[in-house]
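A.B. asks: Okay, here's what each chain looks like letter by letter:
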Amino acid sequence: AQSVTQLDSQVPVFEEAPVELRCNYSSSVSVYLFWYVQYPNQGLQLLLKYLSGSTLVKGINGFEAEFNKSQTSFHLRKPSVHISDTAEYFCAVSLGSGGYQKVTFGTGTKLQVIP
Amino acid sequence: GAVVSQHPSWVICKSGTSVKIECRSLDFQATTMFWYRQFPKQSLMLMATSNEGSKATYEQGVEKDKFLINHASLTLSTLTVTSAHPEDSSFYICSATGASGYTFGSGTRLTVV
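Going line by line, the protein sequences match chains F and E.
The numbering of the first sequence is my numbering, which starts it at 1 and goes up by one.
The numbering of the second sequence is my numbering, which starts it at 116 and goes up by one.
Don't read these hints as lab results, they were simulated from the structure.
It should be emphasised that the depicted structure is a prediction, and the values quoted were computed from it without experimental measurement.
Any given hint could turn out to be false.
[Claimed, not checked] Here are the computed lysine-lysine pairs in the DSS-like style, where the Cα-Cα straight-line distance is at most 30 Å:
| no. | chain 1 | residue 1 | chain 2 | residue 2 |
| --- | --- | --- | --- | --- |
| 1 | F | Lys49 | F | Lys102 |
| 2 | E | Lys156 | E | Lys179 |
| 3 | E | Lys156 | E | Lys181 |
| 4 | E | Lys156 | E | Lys135 |
| 5 | F | Lys110 | E | Lys156 |
| 6 | E | Lys181 | F | Lys102 |
| 7 | E | Lys181 | E | Lys135 |
| 8 | E | Lys156 | F | Lys49 |
| 9 | E | Lys129 | E | Lys181 |
| 10 | F | Lys58 | E | Lys135 |
| 11 | E | Lys179 | E | Lys135 |
| 12 | E | Lys181 | F | Lys49 |
| 13 | F | Lys69 | E | Lys135 |
| 14 | E | Lys170 | E | Lys129 |
| 15 | E | Lys170 | F | Lys110 |
| 16 | E | Lys156 | F | Lys58 |
| 17 | F | Lys110 | F | Lys49 |
| 18 | F | Lys110 | F | Lys58 |
| 19 | E | Lys170 | E | Lys181 |
| 20 | E | Lys156 | E | Lys129 |
| 21 | E | Lys179 | E | Lys129 |
| 22 | F | Lys49 | F | Lys69 |
| 23 | F | Lys102 | F | Lys58 |
[Said to hold, decoys possible] Partial selection, computed: residues in chain E whose CB lies under 10 Å from chain F:
| no. | residue |
| --- | --- |
| 24 | Gln121 |
| 25 | Ser158 |
| 26 | Arg224 |
Yeah, the Cβ is synthetic: ideal placement off N, Cα and C, and Gly gets one too.
If we strip away everything but chain F, and leave its shape as in the complex, we get:
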């Protein structure tokens, strides 16, 4: 079974500074990888996803992530954060074949942008 690890439960960062949220996955087969953002008492919004092809994936709100197969990582980055980026971010993985499979989520990383 696949799994995903988000080592940082909280990441404080000053406004306009760059940020990287770490995500490592474990799977013996090909996977799809996702990053979602959740604002308080709201559902999930997809930031970006890696299915295949280019390992650098660009998403919404200026976020991007790089799929690194050798390091089994899919870290999320943004060069300059805004106050509005304060939220919880979830890395997720699903099997990369056989149609839509269930998605397994990491434990989440709270990004706190400090003015």
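Keeping the supplied structure of chain F fixed, place chain E upon it in accordance with the hints.
C.D. replies: Below, chain E alone, put in the same frame as chain F:
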């Protein structure tokens, strides 16, 4: 884009009563819907997978008689929490799959008093 509507967004019910949560795909047909539960300050845990017209597949440890899932059409799945207890209080989120991939609903905050 793909939109999933989840209703209600929040509900308070008395212990022992049942609550139904609806998940609708508004502009696409969802062959598969997933139901997740999120405890405070925790990640989302998959409860069950439902396919239109067939019985839901529950994850280990999830009581199928307590959490009834019905996926009667390609655009609607419902989760009914039966005989709710305070420990069922949680945030429930559905996800529907279509041509655009996975789309999540906005979630339902259930509080059982």
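A.B. asks: Each of the hints needs a verdict: does it hold here or not?
C.D. replies: Going down the list of hints, with the structure as the test:
With a CA separation close to 15 Å, the supplied pair Lys49 (chain F) and Lys102 (chain F) stays within the 30 Å bound. At most 30 Å may separate the alpha-carbon atoms for a hinted pair to count; Lys156 (chain E) and Lys179 (chain E) meet this at roughly 25 Å. In summary, the hint linking Lys156 (chain E) to Lys181 (chain E) is supported, as the alpha carbons are separated by about 24 Å, within the 30 Å threshold. This hinted pair checks out: Lys156 (chain E) and Lys135 (chain E) have alpha carbons roughly 24 Å apart, not beyond 30 Å.
Of the supplied pair hints, the one linking Lys110 (chain F) and Lys156 (chain E) holds, its CA atoms being roughly 10 Å apart against a limit of 30 Å. Note on Lys181 (chain E) and Lys102 (chain F): the hinted pairing holds, with a Cα-Cα distance of about 21 Å set against a maximum of 30 Å. A hinted pair counts as satisfied when its Cα atoms are at most 30 Å apart, and Lys181 (chain E) with Lys135 (chain E) qualifies at roughly 12 Å. Note on Lys156 (chain E) and Lys49 (chain F): the hinted pairing holds, with a Cα-Cα distance of about 24 Å set against a maximum of 30 Å.
Proximity of Lys129 (chain E) to Lys181 (chain E) is assessed by CA-CA distance (about 16 Å); at most 30 Å being required, the pair is judged to hold. Between Lys58 (chain F) and Lys135 (chain E) the alpha-carbon distance is near 38 Å, which puts this suggested pair outside the 30 Å criterion. Restraint check for Lys179 (chain E) and Lys135 (chain E): satisfied, since their Cα atoms lie roughly 14 Å apart, inside the 30 Å limit. With a C-alpha separation of about 34 Å, the suggested pairing of Lys181 (chain E) with Lys49 (chain F) is violated against the 30 Å cut-off.
Taken as a hint, the Lys69 (chain F) and Lys135 (chain E) pair is broken in the structure, with Cα atoms around 42 Å apart against an allowance of 30 Å. Taking the CA atoms of Lys170 (chain E) and Lys129 (chain E), the gap is about 28 Å. The hint holds against a cut of 30 Å. Between the alpha carbons of Lys170 (chain E) and Lys110 (chain F) the distance comes to roughly 36 Å, so the proposed pair goes past 30 Å and is violated. The straight-line distance between the Cα atoms of Lys156 (chain E) and Lys58 (chain F) is roughly 28 Å, inside the 30 Å bound, and the hint therefore holds.
The straight-line distance between the Cα atoms of Lys110 (chain F) and Lys49 (chain F) is roughly 19 Å, inside the 30 Å bound, and the hint therefore holds. Our distance criterion of 30 Å between C-alpha atoms is met by Lys110 (chain F) and Lys58 (chain F), whose separation comes to about 21 Å. Taking the CA atoms of Lys170 (chain E) and Lys181 (chain E), the gap is near 15 Å; set against the 30 Å cutoff, the hint holds. Only pairs whose Cα atoms come within 30 Å are accepted, and Lys156 (chain E) paired with Lys129 (chain E) is accepted, the gap being roughly 24 Å.
Taking the CA atoms of Lys179 (chain E) and Lys129 (chain E), the gap is near 21 Å; set against the 30 Å cutoff, the hint holds. Taken as a hint, the Lys49 (chain F) and Lys69 (chain F) pair is honoured in the structure, with Cα atoms around 15 Å apart against an allowance of 30 Å. Restraint check for Lys102 (chain F) and Lys58 (chain F): the C-alpha separation of about 23 Å stays at or below 30 Å, so the hint holds. Look at Gln121 (chain E): its Cβ gets to within about 7 Å of chain F, closer than 10 Å, so that hint holds up.
Below 10 Å, beta-carbon pairs count as interface contacts, and Ser158 (chain E) has one with chain F at about 5 Å; its hint therefore holds. Annotation: interface hint on Arg224 (chain E) holds; nearest CB of chain F at approximately 6 Å, less than 10 Å.
The structure is inconsistent with the numbered hints 10, 12, 13, 15, although it conforms to all the rest.
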